[in-house]
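Given the coordinates of chain A, work out where chain B with the ligands should sit on it, guided by the hints.
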Amino acid sequence: MNIIVCIKQVPDTADIKIDPVAKRLLREGIKSMINPFDMYAIEEGLRLKEKLGGKVTALTMGPPQAESALREAVSLGCDEAILISDGAFTGSDTLATSYALSCAIKKIKDYDMIFCGKQSLDGDTAHVGPGIAGHLNIPQIVNVRKIQDIKEGRVTAHRMTEYGYDVLEAELPCLLTVVKDINVPRLPSLKGKMKAKSTAITVWKAADIQAEENRIGAKGSATEVWKVTTSPARPQGKIFEGEGAVDQLVLTLKGLMK
Amino acid sequence: MSNDNLIETDVLVIGAGPAGLAFSIHYANLIGKHNIPLKVMILEKAATAGNHTLSGAVMNLKTLGELLPEVDLKGIPSITEVKQEDILFLTKSNAFGLPYHPKVMSNKGNHILSLGAMVGWLGGLAEQKGVEIFAGVAGYELIFENGKLVGVFTGASGLDHEGKPMSNYQPPTEVRAKIVVLAEGARGHLTKQLIDKFNLTQDKNPQVYSLGVKEVWEVPEGSFAQGRIMHTLGFPLGADQFGGGFVYGLNKTQVVIGFCSGLDYSNPAFDPHRALQQYKQHPQIAEIIKNGKLIKYGAKNIPEGGLFSWPQLYHDNFMIIGDSAGFVAMPSLKGIHLSIKAAMTAAQAAFEAIKAQDTSKERLSLYEKLFKDTPEYSEMYAARNFRQCFTSNLYLGFLKYGINLITGGRGLSLNGKSRLEADYKHCRPALKGRQLSPMVFDNKTTFDKEADVFYSGTKHDEAQPCHILISSAQVCRDCIEKFEAPCQHFCPARVFELSPEAQGNPAKIILHPSNCIHCKTCDIKDPFQNVTWMPPYGADGPKYENM
Ligand SMILES: Cc1cc2nc3c(=O)[nH]c(=O)nc-3n(C[C@H](O)[C@H](O)[C@H](O)COP(=O)(O)OP(=O)(O)OC[C@H]3O[C@@H](n4cnc5c(N)ncnc54)[C@H](O)[C@@H]3O)c2cc1C
Ligand SMILES: Cc1cc2nc3c(=O)[nH]c(=O)nc-3n(C[C@H](O)[C@H](O)[C@H](O)COP(=O)(O)OP(=O)(O)OC[C@H]3O[C@@H](n4cnc5c(N)ncnc54)[C@H](O)[C@@H]3O)c2cc1C
Ligand code: SF4
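In the order they appear, the protein sequences are chains A and B.
Counting the first sequence from 1 gives a position; my numbering is that position plus 41.
Counted from 1, the second sequence has number 345 at position 352 by my numbering; the numbering is strictly sequential.
Everything labelled a hint here was simulated from the structure, so no lab data went into it.
Glycine included, every Cβ here is placed at the ideal spot set by N, Cα and C.
All clues given are correct.
With a straight-line cut-off of 27 angstroms between C-alpha atoms, the simulated DSS-like cross-links for lysine-lysine are:
#1 B/K171 with A/K236
#2 A/K72 with B/K286
#3 B/K157 with A/K90
#4 A/K238 with B/K32
#5 B/K32 with A/K236
#6 B/K185 with B/K362
#7 A/K238 with B/K122
#8 A/K238 with B/K171
#9 B/K157 with A/K221
#10 B/K185 with B/K418
#11 A/K92 with B/K157
#12 A/K72 with B/K67
#13 B/K452 with A/K238
#14 B/K245 with A/K72
#15 B/K452 with A/K221
#16 A/K236 with B/K122
#17 A/K72 with B/K452
Cβ-to-Cβ under 10 angstroms is the rule here; a few derived chain A residues that face chain B:
#18 V225
#19 P226
#20 L228
#21 S230
#22 L231
#23 K232
#24 G233
#25 K234
#26 K238
Extracted from the complex, chain B is given alone in its bound form:
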């Protein structure tokens, strides 16, 4: 690698989500008070910060206020205060209000916003503080020296389908940094490799996920009040599955409808996109959108395991923040404000390390120490065994959760730490009786995956190697045999198509990588862990903007 393609910096942040931006802003603030040059840069794979961001989102603004004491948070685009809140249990055609609202689930004082829009706004503030954001650039490959992480390569471009350079080939850029901050969101592609290499999840629970599939609808005024939020349990899921729906009134004419499905489901034919389509047919939801128009579609994973699923948060020369580590508290389904707080403590640790010219894991352990002293840690600690209650049956789950609340989050396990199993281990061999009956989409309120994908705005350069890697074709065939190819169902963008057995040729999977919306479900849920998601060319992928 010639020096022509080398960049050096103090701190390299991978991902301009709320975590990466909060880290950089706080780091810049700390440096600003001292006589050290500010050298922090962010790589973001989306064409602009916010384009790959997808959340609910009902947000607790407290930690953002701590990050930006001088800024009026009313300036966040399209923000509105929560005015009304319901939790409903849905049967196929009815809805019942839940008799008891746990206090931790209350959203009084919180705000509804589009996280994508907020990230765009936050990115502007970061740049004003001297943070360099390079959008349209993915961190592609880790660089190690003497067994330690020293930087990241961006991806090459101008490659053909086989990966051979074409006439427009551009080599990777090598970015060397004293500290790399992994803020890639759920199931980070580089984070995953670091966790494996340094064995960072030893003695921890595996991370578990829910896939949130979401649509934004334009509706006539009066269909759903601005500032109203509705969470639902039940339909279309049975009691054996974890998940639920949400409906948020973003403004007078825009409503957000989403459905989250725990990826620990066992029926390989289950389809999270379809769950959202069925959800919209429930009278309670159908009424809201009957005269509406779909304007946006997307899907993304939520790391739900809680603090027992955190990997070790730091090691020599790097730290893991945000959803890449799993700063999400269930049951309130909140990650943004926790990620911001953790990012601030990580920034403090990075600042001390750069100042002392010592970026060893001992020095960076300050990050976890500081976070453990915050109220946000207590919030996560209280919920530490929540997701574990709901691994078998919804009703049993509530019972366990009741015990959890009484025992201060401890639950009934002996060491106070309930176990979890990785999502991919939950698939059971296809049972004919559990095949889902085909669903008819009316293209007015329900859409098939191809139609929905159009509304994600996703696009990929067609001339590039496929970014969905299948390690073994034989394993793929075994999976079709045993599970009837769950990938064709779990992928919310129809990237995987099962081509049936024909003329003596066995059934096989055909890939449509251009459809991909970067949710990473394939990487998580594939029962044989035979699929690896790689970043495609920079700026490729969904164009969410307001999700």
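Looking at chain A on its own, in the form it has when it is part of the complex:
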């Protein structure tokens, strides 16, 4: 079972500071981490490998610093790590990102499953996983909370829905995006950290993965960002106090329902 896990490096939420005047995210000195959902994707890949054999390759598109996310993935147990990084990717939206990742996956060629997180912490679109499957023309199951079975070239998985879950079956190779219910991610061991220091990270440029120039970066993006605004601060909640608070609350709620 050869598995590819797509991971994204995102700003560390514990570290996020907002410029109080400009009301913008302060990026200098902000630490990064692996997108939380992707930690579950890595863990699921590792568990399948431990059960069925094969290898796990971590793949990311990002700036050169994204190498640290890949090293963390190796410290957890991934066998190989590939960074696709090139000035030509700058400005990619989710369409261009998923195209670029799919080009890299075509170059890797030998794979049975691809894991992605459900969505990213910063971009939050949940486009990239399905986008990759689309570009590769392979089946996908999103929001997977459990893999029930893998046999005879097919996977059966539970897709989380708002009301419960669906049981879906798909042919391999297949792309799965995972939610946090699927497992509990491990912590890296010292042995893993040691391996992470010595593992070579493969870096591919746009030309290496034969990505068409006009399908990547700003040129290959279907979206255009017009304006970025911060959402207004939420007004403070109303507090009902003292005698008659419950009646007042009920009245207010009734008023809201009209």
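Same frame as chain A, but now just chain B with the ligands:
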């Protein structure tokens, strides 16, 4: 244990503080000049080197210059020279300058810095020299073979509260080394076990500690000058307690405020966190922070016993360096430069031992021999009886210290070696009259422990066995009976909560281990020695960065 989880190295260093890093850098320098492969690795429990570091700090840069002759020390982040120095005696509402400044306490030419930032910087230099630092990994358990130390296990992860493996279980890694260097800082968890096993404190004074509780404040420019340092005695402590405050101007808008309390106090209700909060209400301090904002909180112990409290510094296959041994000179309250020097002499001994393929205690005794020839040893020797002067009364202490200065540090004891008693033996049964009145925290300049802990950035994986071990529940009940649970007061992070007697159930202690900021006070001060601090999962704990 399968070979899959085995790592072998020449030298394994536990702790990437100034001592562990200085050791590794000097060892790498020595090896570099010879044809021996460099095999030295450091385990550090913090997520990155510097995250668990907390100090004052006013530093004497001399030994760092000797360690790094090729490096410009101006490159240390946020370093500033001491420009102005005061020692004040505080009463409840007044402050008096001390008439006499002993020369050993002068900080002329020293520098103020954040030790956490310095350690981060030093870690970078060590890695450039080929030292492998593994942050987020704690040394958890010692490995012995034929009665000798041969390595260390890291902790397992993926355990439930009872310690049973869960689906994400990861086994420990076994690290085998020819020499293990203990640089865990004060009250090292592995060091403590080695001291016990090999009886390394026989005929020595026990180590004694002060807990330093510290905050960093952002203040408007002009509130406290960059490069100014202020040390205080007196308020809020009475004359029967050892301790004092410090205020350092780190830069134009950041000031460090800390309060150190000797853990040899006897009132079980005494609370070192509260002492800092009271300290900030003194007009002298309140004025500095009145328009300021708290940005960081933390606490850590200082080993103050001096050289008569050193354990034997070496044994077969291991050496103890830095605060784990107690390279701190009182009264100047300096440990960094002494730890660096001792680490360098230990590195020399390790290098000779690896070269000769002989890591016996006889070979490693070179470490102590070399250190005893340094001026830094003389500095510690002069202060060898200092802390012993201040075990009963502050004024009497000054008198004794005066005699100490006249007699060249000897004091009045017959053999020139004054005794000390372990901190935990000082608790006296709770006296109703000495209960402290409740303090009101305004959340602007004074904070309760929960609020302060938030500013330490501490976090722990909730799914793991509790890392604060209580050996006996019965002893715990006896302690509540006799001392009214001093742990609820001495812990600066409110890890221990006393749940009062209710509905026929006796009073008991509830633990909140996630709050822990790794200061080790519980391990030191618990009157029955019923508490053992264990390392939690790697990378858990405070996130000090600039403390
Ligand atoms: C309208 C719009 C405009 C944008 N413009 C720009 C721009 O001009 N410049 C710019 O730099 N960025 C831009 N971005 C951000 C960038 O396109 C997205 O961050 C990126 O495409 C991933 O989308 P996402 O974060 O929503 O991921 P999601 O689709 O929410 O992520 C789902 C999963 O896909 C995988 N994944 C996502 N991204 C990667 C990756 N890079 N490598 C490997 N796996 C990944 C992970 O498994 C992740 O859990 C823009 C985004 C949007 C929505
Ligand atoms: C409040 C306070 C003020 C001080 N002021 C000054 C001053 O002004 N000037 C001065 O010179 N000195 C001062 N000191 C003393 C000085 O900080 C210490 O002497 C110095 O930090 C000792 O360095 P160390 O490397 O031995 O220990 P530490 O700095 O404590 O470093 C030990 C490291 O080991 C790690 N560690 C511990 N156990 C393990 C384990 N089992 N596995 C993995 N890692 C582990 C810890 O996380 C830590 O990073 C002060 C100390 C305090 C607490
Ligand atoms: S539990 Fe112990 S080590 Fe942790 S903060 Fe409290 S006293 Fe310090």
